[in-house]
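Participant: Each chain, letter by letter, is given below.
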Amino acid sequence: MRRAFTVYAVLVLALYSVAAAKGWEIASPRRGFIPQSVRTSPGGYRSFNYWRGGK
Amino acid sequence: MTGYQASCPSCGGTVVFALGASLLRVCEHCGSAVARRGAKLADYGKVADLIPTPSVLALGMEGRYTGAPAFRLVGRLQLDWGQGTWDEWLMGFSNGKWAWLSEAQGRFHYMGQVPLPPVPAFEDLSVGHTLDLGAPGTFVVAEVRSARFASAQGELPFAVAPGSAMRYADLSGPGGQLATLDYGSGSAAEALYVGREVSLSDLGLRPRTDDERRPAALGESLKCPHCAGPLAVRAPDQTQRIACPWCGSLLDATRDLAVLEVLGTPPIRPLVPLGAKGRLHDVSWTVIGVMERSVTVEGVRYPWTEYLLYEPRQGFRWLVEARRHWSFVQPLSPGDVDPHGAVYDGERYAHFQAGQARVDHVLGEFYWAVSRGETTETDDYVKPPRMLSKEVTREAGAEGRGEVNWSLGTYLPADELWAAFGLEGDPPPPEGVAPHQPSPWSGALGGVWVAASLAAAAIVLVFIVLTALGGKTVHRQTVSIPRNAVSGSPEAAAFAGPFFVTKDGNLQVRVHAPVSNAWLFLDGALVNEETGAVDDFDVEVSYYSGSDSDGSWTEGSTTATRYVASVPPGRYVLRLAPQWEAGQAPAEYDVTVRSGVPRFLYAVLAILAVLAWPVIMLWRWFRFEVERWSESDHPWVSSSEEE
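In order, the protein sequence lines correspond to chains A and B.
The working numbering puts the first sequence at residues 1 to 55.
The working numbering puts the second sequence at residues 1 to 643.
These are calculated hints, taken from the structure and not from any lab test.
Beta carbons are placed, not taken as given, at the ideal position from N, Cα and C, and that holds for glycine.
Be careful, since some hints might not be right.
[What the hints assert, rightly or not] Part of the chain A face toward chain B, derived, beta carbon under 10 Å:
| # | residue |
| --- | --- |
| 1 | ARG2 |
| 2 | ALA4 |
| 3 | TYR8 |
| 4 | LEU15 |
| 5 | GLY23 |
| 6 | ILE26 |
| 7 | SER28 |
| 8 | ILE34 |
| 9 | VAL38 |
| 10 | TYR45 |
| 11 | ARG46 |
[Stated by the list, open to error] Over 12 Å on every C-beta distance to chain A, these chain B residues come out as not near it, computed from the model:
| # | residue |
| --- | --- |
| 12 | HIS361 |
| 13 | PRO384 |
| 14 | VAL450 |
| 15 | ASP538 |
| 16 | VAL597 |
[Said to hold, decoys possible] Ranges between beta-carbon positions, derived for each pair:
| # | chain 1 | residue 1 | chain 2 | residue 2 | range |
| --- | --- | --- | --- | --- | --- |
| 17 | B | PRO267 | A | LEU11 | 33 to 41 Å |
| 18 | A | LEU11 | B | GLU588 | 30 to 38 Å |
| 19 | B | TYR544 | A | SER28 | 26 to 34 Å |
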């Protein structure tokens with residue numbers, strides 16, 4: 001029992017350490033990408049139309 | 001030893017008092033008890049024939065005890081306490097001194113006379129109480145009885161007429177010491193003997209091997225005199241009672257198998273059959289008797305079964321089965337148990353239950369004069385996996401008289417028992433929790449709590465280290481909202497930055513807005529200008545305050561925080577599109593962006609995850625203990641709470 005718990009505790013500690021160092025978040029939204037065509041167009045992603053359409 | 005020779009006043013035959021201290025001699029010619037009174041002899045009457053006990057000793061045997069001169073067995077006294085007889089042998093040493101060698105149930109006790117300290121009168125003794133005997137120590141009164149001078153042989157150190165009552169108290173002291181207070185036939189103690197259990201080899205004695213010592217009733221092939229069923233006698237030297245397994249009759253093994261009581265076929269089916277042999281604790285035991293006992297509490301009968309185990313060199317032990325839980329039980333010397341708090345071998349046991357145990361059914365052989373209906377006062381104390389049990393048998397009409405016995409039971413898993421005795425099939429599953437059943441949780445609980453505490457401390461340490469190393473502010477900006485902008489309009493949106501993130505980690509976006517009884521909602525996006533990656537987020541600042549009949553109140557805050565997960569190094573901007581309560585637009589708001597901010601919430605969650613395991617274990621341990629103690633006199637939870 002104690003050995004199993006030790007394994008469990010080490011896993012929790014490791015998971016927390018990695019998550020804290022990497023900045024993981026619970027239920028973070030999926031990361032999106034601005035299409036290359038938008039990035040190279042005039043105004044790029046700063047244009048209102050992009051954000052209106054992208055939202 | 002010098003001798004004193006005289007003529008028997010009854011028959012005229014020669015009687016020799018070999019031991020100078022002898023005051024009574026049984027005439028070898030006529031069986032009269034010849035008492036020595038100074039220079040005169042008196043006839044105290046005929047001594048009855050010796051009772052055929054399973055003694056392995058005989059008059060005239062010679063030996064030597066540690067540090068003492070050689071001795072010879074010069075006298076034998078048989079005492080009958082109503083339910084059995086035992087032998088006391090008088091050891092006459094070559095220097096003229098003497099001591100007693102008590103023989104009962106195959107065990108021997110060497111008892112030497114010591115000065116008598118002030119002790120209570122016989123009527124004031126009570127079994128289970130303690131007595132300070134001075135130099136020998138404090139002893140527990142283990143037995144208080146009156147026995148009858150049944151028979152004798154050779155010489156005795158006192159002059160008592162055959163048939164006289166002899167009151168005594170047996171005491172048990174520390175370190176295996178024993179003592180006997182001899183009260184004669186009166187109330188005041190006359191002598192004190194102190195000694196300990198010895199083996200025949202300690203005394204340099206070799207047991208008799210002739211067949212004469214065996215009771216006539218216990219021959220090779222025995223039949224029940226009531227039903228003629230065959231009886232297997234497995235401890236012929238020790239057995240006093242036999243309960244016929246065929247018809248249930250209770251037979252007196254010391255008196256030619258006289259039928260004492262016809263009990264009827266006992267309604268018990270032993271899970272371990274009579275005669276079964278099994279190896280436990282490196283000793284091969286044989287089941288020779290089975291007894292069902294019970295206590296009745298509030299009209300409910302709680303039965304259990306006791307299996308008497310026998311091994312000639314080890315003596316007797318018990319297997320006890322209650323609700324399919326098993327224990328291996330060994331007798332203890334009462335003097336080794338501190339009755340105040342039930343401390344044995346340095347360990348304190350917790351009181352579990354007191355009761356009045358009754359013998360309901362018996363099968364097979366027993367080394368004492370068992371009888372159905374026999375009752376004892378019991379007290380059980382537990383310290384899993386062991387149980388300390390005290391049994392007090394009181395004589396009817398004499399409160400303080402009787403005897404006290406202690407035993408130590410050790411929990412025995414049923415599968416170990418089945419394997420030890422080679423029993424077929426699987427053992428029946430145990431019901432509930434036994435009083436001394438080891439908890440599957442308690443053993444590891446302490447260690448798990450220690451490990452959990454260490455893990456929690458490590459999590460806190462990681463949090464502190466990451467906080468010290470991280471939490472770097474990468475951008476701070478005050479963003480203005482155009483005066484005439486409409487909530488949610490493109491004119492209101494703004495970009496903050498650019499700024500640089502140099503290390504992997506999260507980003508903390510903190511917004512402070514001077515709102516009052518209003519809210520500001522920011523639809524945000526973190527844009528990596530190098531890769532085009534976008535992380536959407538939103539953050540709302542709302543702050544309300546006021547007062548009512550309960551006084552002033554506030555709700556919310558002018559600051560709000562959001563985190564963006566796993567932001568890689570790069571050049572970033574924030575797009576912030578604000579919305580606000582109609583007519584309540586703040587003129588500006590502050591945005592602070594920090595990189596690599598460990599979240600306290602997650603440290604707490606990790607600690608909770610670590611502690612969940614021992615907390616669940618603790619809960620299950622608690623439930624186990626609640627069930628254990630539910631049958632005791634001290635339940636942890638009352639029955640109404642359980643419901």
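Participant: Compare the structure with each hint and give your call.
Facilitator: A quick look at each hint next to the structure:
| no. | hint | result |
| --- | --- | --- |
| 1 | ARG2 | holds, 4 Å |
| 2 | ALA4 | holds, 9 Å |
| 3 | TYR8 | holds, 6 Å |
| 4 | LEU15 | holds, 7 Å |
| 5 | GLY23 | holds, 3 Å |
| 6 | ILE26 | holds, 8 Å |
| 7 | SER28 | holds, 4 Å |
| 8 | ILE34 | holds, 4 Å |
| 9 | VAL38 | holds, 8 Å |
| 10 | TYR45 | holds, 6 Å |
| 11 | ARG46 | holds, 6 Å |
| 12 | HIS361 | holds, 41 Å |
| 13 | PRO384 | holds, 16 Å |
| 14 | VAL450 | violated, 9 Å |
| 15 | ASP538 | violated, 10 Å |
| 16 | VAL597 | violated, 8 Å |
| 17 | B/PRO267 / A/LEU11: 33 to 41 Å | violated, 57 Å |
| 18 | A/LEU11 / B/GLU588: 30 to 38 Å | violated, 47 Å |
| 19 | B/TYR544 / A/SER28: 26 to 34 Å | holds, 29 Å |
The earlier numbered hints that this structure contradicts are 14, 15, 16, 17, 18.
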